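Line order of the protein sequences matches chains F and G. FYI, the numbering used here numbers position 300 of the first sequence as 307, with every residue one higher than the one before it. FYI, the numbering used here numbers position 81 of the second sequence as 71, with every residue one higher than the one before it.
Errors might be hidden in some of the hints.
What the hints assert, rightly or not - In silico DSSO-like cross-links for lysine-lysine, where the CA-CA straight-line distance does not exceed 27 Å: (1) G:K132 <-> G:K213; (2) F:K50 <-> G:K128; (3) F:K27 <-> G:K128; (4) G:K8 <-> G:K102; (5) G:K8 <-> G:K252; (6) G:K132 <-> F:K47; (7) G:K128 <-> F:K160; (8) F:K231 <-> F:K246; (9) G:K89 <-> G:K132; (10) F:K102 <-> G:K132; (11) G:K48 <-> F:K231; (12) G:K258 <-> G:K89; (13) F:K27 <-> G:K132; (14) G:K258 <-> F:K47; (15) G:K102 <-> F:K102; (16) F:K50 <-> G:K132; (17) G:K48 <-> G:K179; (18) F:K27 <-> G:K161; (19) F:K217 <-> F:K244; (20) G:K209 <-> F:K102; (21) F:K102 <-> G:K89; (22) G:K209 <-> G:K8; (23) F:K160 <-> G:K102; (24) G:K192 <-> F:K47; (25) G:K217 <-> G:K128; (26) F:K217 <-> F:K314; (27) G:K252 <-> G:K216; (28) F:K50 <-> G:K161.
Note that these hints are calculated values from the structure, not bench results. Predicted, not measured: the structure shown is a model, and the values here were computed from it.
The primary structure of each chain is shown beneath.
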Amino acid sequence: MKAAQRMYYGKALAALAARKDIVVLDADLAGSTRTSDFAKVAKERFVQIGIAEQNMIGVAAGLAAAGKTVFASTFAVFATGRCWEQIRQAVAYPKLNVKIVATHCGISVGADGASHQALEDIAIMRALPNMTVISPADANEAYAATIAIAEHKGPCYMRMGRADFPLITPEGAEFVIGKAAVLREGKDVTLIGTGQMVIACMEAADALEKKGISAEVINMSTIKPLDDASIIGSVSKTKCAVTAEEHSVIGGLGSAVAECLAANLPAPLERVGVKDTFGESGDPNDLMRKYGLTADNIIEAAENAIKRKKGKK
Amino acid sequence: MEAANRLDAKELERMANKIRMHVIEMTSAAGSGHPGGSLSSAELFAALYFNILRHNPKDPEWEGRDKFVLSKGHVAPGLYAALAESGYFPTEELLTLRKLGSRLQGHPVRGKLPGIEMSTGSLGQGLSMACGLALAAKMDGKDTRIYCLVGDGELQSGQNWEALMLAAHYKLNNLTVLVDRNRLQIMGKTEETLSIDPLQAKLKAFGLNVMSIDGHNVKKIIKACKKAGTSASPAAIVLNTIKGKGVSFMENNADFHGRACKPDEKEKAVMEIQEALK
């Protein structure tokens, strides 16, 4: 079964509407981000800001300072890039209870092209003190994470894709911020994925098994705070790792894992992600192939990591 | 501030000069800071904290309080002086401004010092925050009034106009925008840097109920704020002021936008303000 994360985000917000402290802000994209589902059931706590993301963040900060739990949503490019310094000053610095939930992350946005494909959002949000950064693997996890961040006091950023992805996590599971999940155990290489690349990691692990390689798969759905213990635990067994993300290889999950390994357990690491370039228009699947974000890319990276571990490369 | 504790015009003028004295002493002790704008808003700070705002320095988080957002966060010394004089914290602490470990950061920080509603200092953002506070009060059916002080140069930043559009659209008549129109910014005259005029026409066109007054006249400040409270739309009060007001050599001098007095200048400034306090 497939579903879009943003559809489940909308459902989760509608379920949260019973909480009178929750206010949802939109910058003219509620139909796409699905905050429209919240507007249907709690119109009085849905505020249309217009195409003004910087203002949206300031308004969110004011509402949060007055005791509201605020969700502010738009596309990931605009939610983080257009108003990064507003997020820094108005939300992160005073630790206000604002949840910036973005849809349309990554290159799978497709035909809209590079202007709408956020490939740097994890990097720039992760760099902010006090900010929690979440990237759920599928729609079920997006639903659970929405509930979890509504409970969590403090600034959060959550990124979601546009398209329908297969559901790989169980419905109704609790989302624990900062806790990675080992989806598959293995001993030769650790595949660490985030967002829809977790699915690609699982496919890669199946293919690697046929080649006699045992891969462990970790769903790193919280990128900050990073679950160092789970990385260290797995890599101390496998001695090498691959990260996979629909994001630039600079500053995202790959960088976060590299920082963790360099500080705790130096080991060969291969990063699958967009190679410091902008995207372009196209069919999402074609783009994922062209920009090296498929299970095949993960398989190749895993084999390289294993070679490096053995000193053959 | 209970009605019984409100200062009258004479006392407010004196308070404005006490604030000026603190500003000079604080920024001189720090060796840096923004005295010019702090001096132009001294009457406003006095009028707000000793007459207009409903607030309780002994209970800074009091639910019934009005809220003030200092969007032009660099004039924090003026605000800190008013807060200390109101009783939020000891006036002795004012001299820790900008020093390591102080609650009196170079620009105001929410949660660090009692009485600070929002973290500001990066220009152009306070009005958006004030809109959020005003929306929350409307949602909660509270009669909280929100005041936001922006600089005139600050209005060059586009986010202000996004916020004004929102304030008008949602009829945030619990919001009063205060513009410190001292006509100077770091590089010199606002109208030579990037012209802001016709300011009143612009604010009106954005749907605000606009008043323009002498920003050093406490009676007029109080009257305009009262009138703003009866408006059906958000109000804007343009406070025509003199940057550096109260110290002869600092008046209309952009040089004192962002630097403290040197020791000899400080001595002269203190003498002039002492004279005014007599």
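Status of the hints after comparison with the structure:
{"no.": "1", "hint": "G:K132 <-> G:K213", "verdict": "23 Å, holds"}
{"no.": "2", "hint": "F:K50 <-> G:K128", "verdict": "14 Å, holds"}
{"no.": "3", "hint": "F:K27 <-> G:K128", "verdict": "14 Å, holds"}
{"no.": "4", "hint": "G:K8 <-> G:K102", "verdict": "24 Å, holds"}
{"no.": "5", "hint": "G:K8 <-> G:K252", "verdict": "20 Å, holds"}
{"no.": "6", "hint": "G:K132 <-> F:K47", "verdict": "25 Å, holds"}
{"no.": "7", "hint": "G:K128 <-> F:K160", "verdict": "23 Å, holds"}
{"no.": "8", "hint": "F:K231 <-> F:K246", "verdict": "23 Å, holds"}
{"no.": "9", "hint": "G:K89 <-> G:K132", "verdict": "38 Å, violated"}
{"no.": "10", "hint": "F:K102 <-> G:K132", "verdict": "24 Å, holds"}
{"no.": "11", "hint": "G:K48 <-> F:K231", "verdict": "38 Å, violated"}
{"no.": "12", "hint": "G:K258 <-> G:K89", "verdict": "24 Å, holds"}
{"no.": "13", "hint": "F:K27 <-> G:K132", "verdict": "15 Å, holds"}
{"no.": "14", "hint": "G:K258 <-> F:K47", "verdict": "64 Å, violated"}
{"no.": "15", "hint": "G:K102 <-> F:K102", "verdict": "12 Å, holds"}
{"no.": "16", "hint": "F:K50 <-> G:K132", "verdict": "19 Å, holds"}
{"no.": "17", "hint": "G:K48 <-> G:K179", "verdict": "41 Å, violated"}
{"no.": "18", "hint": "F:K27 <-> G:K161", "verdict": "22 Å, holds"}
{"no.": "19", "hint": "F:K217 <-> F:K244", "verdict": "21 Å, holds"}
{"no.": "20", "hint": "G:K209 <-> F:K102", "verdict": "38 Å, violated"}
{"no.": "21", "hint": "F:K102 <-> G:K89", "verdict": "22 Å, holds"}
{"no.": "22", "hint": "G:K209 <-> G:K8", "verdict": "18 Å, holds"}
{"no.": "23", "hint": "F:K160 <-> G:K102", "verdict": "18 Å, holds"}
{"no.": "24", "hint": "G:K192 <-> F:K47", "verdict": "35 Å, violated"}
{"no.": "25", "hint": "G:K217 <-> G:K128", "verdict": "19 Å, holds"}
{"no.": "26", "hint": "F:K217 <-> F:K314", "verdict": "18 Å, holds"}
{"no.": "27", "hint": "G:K252 <-> G:K216", "verdict": "40 Å, violated"}
{"no.": "28", "hint": "F:K50 <-> G:K161", "verdict": "17 Å, holds"}
Hints 9, 11, 14, 17, 20, 24 and 27 from the list above are not met by this structure, while the remaining hints are.
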